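In full-length UniProt numbering, the protein residues as written are 1 to 542.
Calculated from the structure, these hints are not laboratory results.
A quick note: this is a predicted structure, and the numbers were derived from the prediction, not measured.
There may be inaccurate statements among the hints.
SDA-like cross-link-like pairs, simulated, lysine to any residue; straight-line CA separation at most 25 angstroms [unchecked claim]: (1) LYS232 / GLN258; (2) LYS414 / ARG427; (3) LYS260 / GLY413; (4) LYS420 / GLU245; (5) LYS402 / GLU285; (6) LYS260 / ASP424; (7) LYS248 / VAL448; (8) LYS402 / LYS232; (9) LYS280 / VAL229; (10) LYS248 / LEU31; (11) LYS402 / LYS414; (12) LYS420 / LYS232; (13) LYS232 / GLU285; (14) LYS420 / ILE432; (15) LYS402 / VAL35; (16) LYS260 / LEU335; (17) LYS248 / ASN423; (18) LYS402 / ASN423; (19) LYS248 / LYS52; (20) LYS232 / LYS260; (21) LYS420 / TRP275; (22) LYS414 / PHE167; (23) LYS280 / ASP337; (24) LYS280 / CYS194; (25) LYS414 / GLU243; (26) LYS402 / VAL448; (27) LYS232 / TRP275; (28) LYS385 / VAL35; (29) LYS402 / ARG361; (30) LYS248 / LYS385; (31) LYS414 / GLN258.
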Amino acid sequence: MSCSLSTNPATAACEAALLHDHMTLDMDAVLSDFVRSTGAEPGLARDLLEGKNWDLTAALSDYEQLRQVHTANLPQVFNEGKYYKQQERDSPQQVNKTERPSLQRQDDIAQEKRLSRGISHASSAIVSLARSHVANECSNEQFPLEMPIYTFQLPDLSVYSEDFRSFIERDLIEQATMVALEQAGRLNWWSTVCTSCKRLLPLATTGDGNCLLHAASLGMWGFHDRDLVLRKALYTMMRSGAEREALKRRWRWQQTQQNKESGLVYTEEEWEREWNELLKLASSEPRTHFGKNGGTGGGVDNSEDPVYESLEEFHVFVLAHILRRPIVVVADTMLRDSGGEAFAPIPFGGIYLPLEVPPNRCHCSPLVLAYDQAHFSALVSMEQKDQQREQAVIPLTDSEHKLLPLHFAVDPGKDWEWGKDDNDNTRLASLILSLEAKLNLLHSYMNVTWIRIPSETRAPLAQPESPTASAGEDVQSLADSMDSDRDSICSNSNGSNGKNGKEKEKDKQRKDKDKNRTDSVANKLGSLSKTLGIKLKKNMGG
């Protein structure tokens with residue numbers, strides 16, 4: 001037996017209104033008590049109280065923890081607790097302690113320029129606190145730095161009306177980048193072939209030459225690298241980091257292979273000049289402007305926002321070592337004119353592993369960035385109520401199921417003789433990474449999983465069309481290496497020279513079996529994907 005309870009609509013509406021008014025009065029009282037106890041900005045007070053469901057004691061505890069994190073670099077509101085203490089020092093008049101302290105805007109107290117933060121509701125004091133905490137953690141210049149293992153995630157915007165959601169998305173998302181990369185088949189193609197794969201969205205990122213570090217900071221913390229913490233760390237590692245020489249060798253090796261394709265040969269002086277130029281680009285100093293008379297303008301004017309030198313793909317590789325975290329860059333492969341015709345390659349897309357850091361000291365969850373029109377953006381997912389699609393993944397292949405380029409994966413070693421060994425085809429061939437070796441590296445640094453895809457999109461796993469393939473008559477061509485690498489996925493056999501006929505036949509059968517097994521696995525499972533972190537921050541500040 002069941003019993004339904006009903007009530008008069010007018011009475012229910014009246015009771016609801018009274019309840020709402022009572023709750024509003026209670027929240028106002030709690031907010032007033034919090035501000036009176038701490039002297040905090042009302043916006044910050046409301047943020048903390050809402051985070052604790054208006055539990056005054058819990059919110060005060062959180063405030064005290066925030067205040068103690070980095071007191072020296074916080075605005076006066078954190079340092080003093082109440083504003084009247086500041087007034088006692090600055091004003092000759094004594095303030096009656098029984099009087100309620102007058103509230104001041106955080107803008108009037110903060111010593112640094114307040115930056116535009118769009119429509120974000122995150123308290124500027126919290127963002128300032130987070131930046132100070134990050135700067136404090138990174139001030140000792142010990143590398144790699146301790147960085148978060150989580151990835152920023154946008155809140156679920158589908159709960160809002162279509163007009164309001166569109167307004168928010170226009171402000172938070174790089175619409176042009178998303179459209180360009182999706183139309184090029186580089187971004188979100190996986191969401192159409194895999195129901196468990198979320199779409200990734202490029203966050204709006206300031207284009208001041210520091211967009212790589214801004215994008216990385218947004219992807220981890222939800223705010224820009226305004227204090228240049230990551231950029232300074234990048235410069236320091238390239239200048240004096242313990243991994244400097246190994247990183248330099250990897251850069252020179254990849255650059256040498258690229259130079260061979262265009263017939264370029266550098267002298268030692270030119271190599272040193274190129275390296276110094278890379279180091280100069282990473283500097284945290286703004287660009288220096290030159291006047292018409294040839295003199296310098298003394299850098300960027302105070303009335304202008306600073307502009308920094310744009311960074312290159314090698315800086316992405318170094319950043320992976322600073323973060324101790326793989327970085328995946330989603331980008332088109334060719335730069336196109338207004339008519340859509342390709343006229344120059346784009347080398348940024350691919351996978352950057354912190355290869356000079358042991359895998360057990362690295363975070364397995366990659367940082368995912370987008371690159372379009374010479375601009376980096378953080379690629380993040382959006383919360384969804386459907387738990388079956390809670391996991392965000394990023395394929396390690398392109399839409400044609402070719403493995404993404406693995407940048408700077410080869411270190412020729414300390415004993416490599418430049419100018420001699422790089423012309424030795426035998427030694428060059430020994431450094432070419434097989435597909436098996438690349439997959440082993442990916443498994444070492446990331447939690448790689450296979451994602452099942454529909455049969456119409458199945459294709460064998462292939463090597464990337466790498467722009468750094470070695471050139472030369474006797475060096476294995478990229479097309480040949482694709483077949484060779486496919487054979488080596490499940491076999492370590494390097495050939496059958498010096499073996500009798502029976503052994504050769506066994507090797508051939510084993511190769512055929514391994515190749516068939518490889519085709520079967522690739523056809524059944526499809527593209528590689530990387531699992532991103534699930535617990536993600538939700539605060540957003542610029």
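Hints and how they fare:
Taking the CA atoms of LYS232 and GLN258, the gap is about 28 angstroms. The hint is violated against a cut of 25 angstroms. Note on LYS414 and ARG427: the hinted pairing holds, with a Cα-Cα distance of about 14 angstroms set against a maximum of 25 angstroms. For the given pair, LYS260 sits about 20 angstroms from GLY413 by alpha-carbon distance, which is consistent with the 25 angstroms threshold. At most 25 angstroms may separate the alpha-carbon atoms for a hinted pair to count; LYS420 and GLU245 meet this at roughly 19 angstroms.
This hinted pair does not check out: LYS402 and GLU285 have alpha carbons roughly 39 angstroms apart, beyond 25 angstroms. Taken as a hint, the LYS260 and ASP424 pair is honoured in the structure, with Cα atoms around 13 angstroms apart against an allowance of 25 angstroms. A hinted pair counts as satisfied when its Cα atoms are at most 25 angstroms apart, and LYS248 with VAL448 does not qualify at roughly 28 angstroms. For the hint linking LYS402 to LYS232, the alpha-carbon distance of about 35 angstroms lies beyond 25 angstroms, and the restraint is violated.
Among the hinted pairs, LYS280 with VAL229 is consistent with the structure: their alpha-carbon atoms are about 17 angstroms apart, no more than 25 angstroms. A C-alpha spacing of about 56 angstroms is found between LYS248 and LEU31, which places the hinted pair above 25 angstroms, so the restraint is violated. Simply put, LYS402 and LYS414 have alpha-carbon atoms about 32 angstroms apart, too far for the 25 angstroms limit, and the pair is violated. Distance hint between LYS420 and LYS232 is unfulfilled; the C-alpha atoms sit about 36 angstroms from each other, more than 25 angstroms.
Between LYS232 and GLU285, the direct Cα distance comes to roughly 9 angstroms. Compliance with the 25 angstroms bound is thereby established for this hinted pair. Using a Cα cut-off of 25 angstroms, the hinted pair LYS420 and ILE432 holds, with the two alpha carbons roughly 17 angstroms apart. Restraint check: the Cα-Cα separation between LYS402 and VAL35 comes to about 58 angstroms, which exceeds 25 angstroms; the hinted pair is violated. Taken as a hint, the LYS260 and LEU335 pair is honoured in the structure, with Cα atoms around 21 angstroms apart against an allowance of 25 angstroms.
Pair hint LYS248 plus ASN423 holds up; C-alpha atoms about 19 angstroms apart against a cutoff of 25 angstroms. With a C-alpha separation of about 29 angstroms, the suggested pairing of LYS402 with ASN423 is violated against the 25 angstroms cut-off. For the given pair, LYS248 sits about 49 angstroms from LYS52 by alpha-carbon distance, which is inconsistent with the 25 angstroms threshold. For the given pair, LYS232 sits about 33 angstroms from LYS260 by alpha-carbon distance, which is inconsistent with the 25 angstroms threshold.
Between LYS420 and TRP275 the alpha-carbon distance is near 20 angstroms, which keeps this suggested pair within the 25 angstroms criterion. The suggested pairing of LYS414 with PHE167 is violated, with an alpha-carbon distance near 55 angstroms, which exceeds 25 angstroms. Between LYS280 and ASP337 the CA atoms are separated by roughly 30 angstroms; this puts the pair beyond 25 angstroms, and the hint is violated. At roughly 43 angstroms between alpha-carbon atoms, LYS280 and CYS194 are farther apart than 25 angstroms, so this suggested pair is violated.
For the suggested pair LYS414 and GLU243, the alpha carbons sit about 12 angstroms apart, so the restraint of at most 25 angstroms is met. Annotation: proposed proximity of LYS402 to VAL448 holds, straight-line Cα distance about 15 angstroms (limit 25 angstroms). With a CA separation close to 17 angstroms, the supplied pair LYS232 and TRP275 stays within the 25 angstroms bound. Our distance criterion of 25 angstroms between C-alpha atoms is broken by LYS385 and VAL35, whose separation comes to about 35 angstroms.
Restraint check: the Cα-Cα separation between LYS402 and ARG361 comes to about 29 angstroms, which exceeds 25 angstroms; the hinted pair is violated. As the CA atoms of LYS248 and LYS385 are separated by approximately 46 angstroms, the hinted pair breaks the 25 angstroms bound. Taking the CA atoms of LYS414 and GLN258, the gap is about 21 angstroms. The hint holds against a cut of 25 angstroms.
In the structure shown, a violation is registered for the earlier hints numbered 1, 5, 7, 8, 10, 11, 12, 15, 18, 19, 20, 22, 23, 24, 28, 29, 30, in ascending order.
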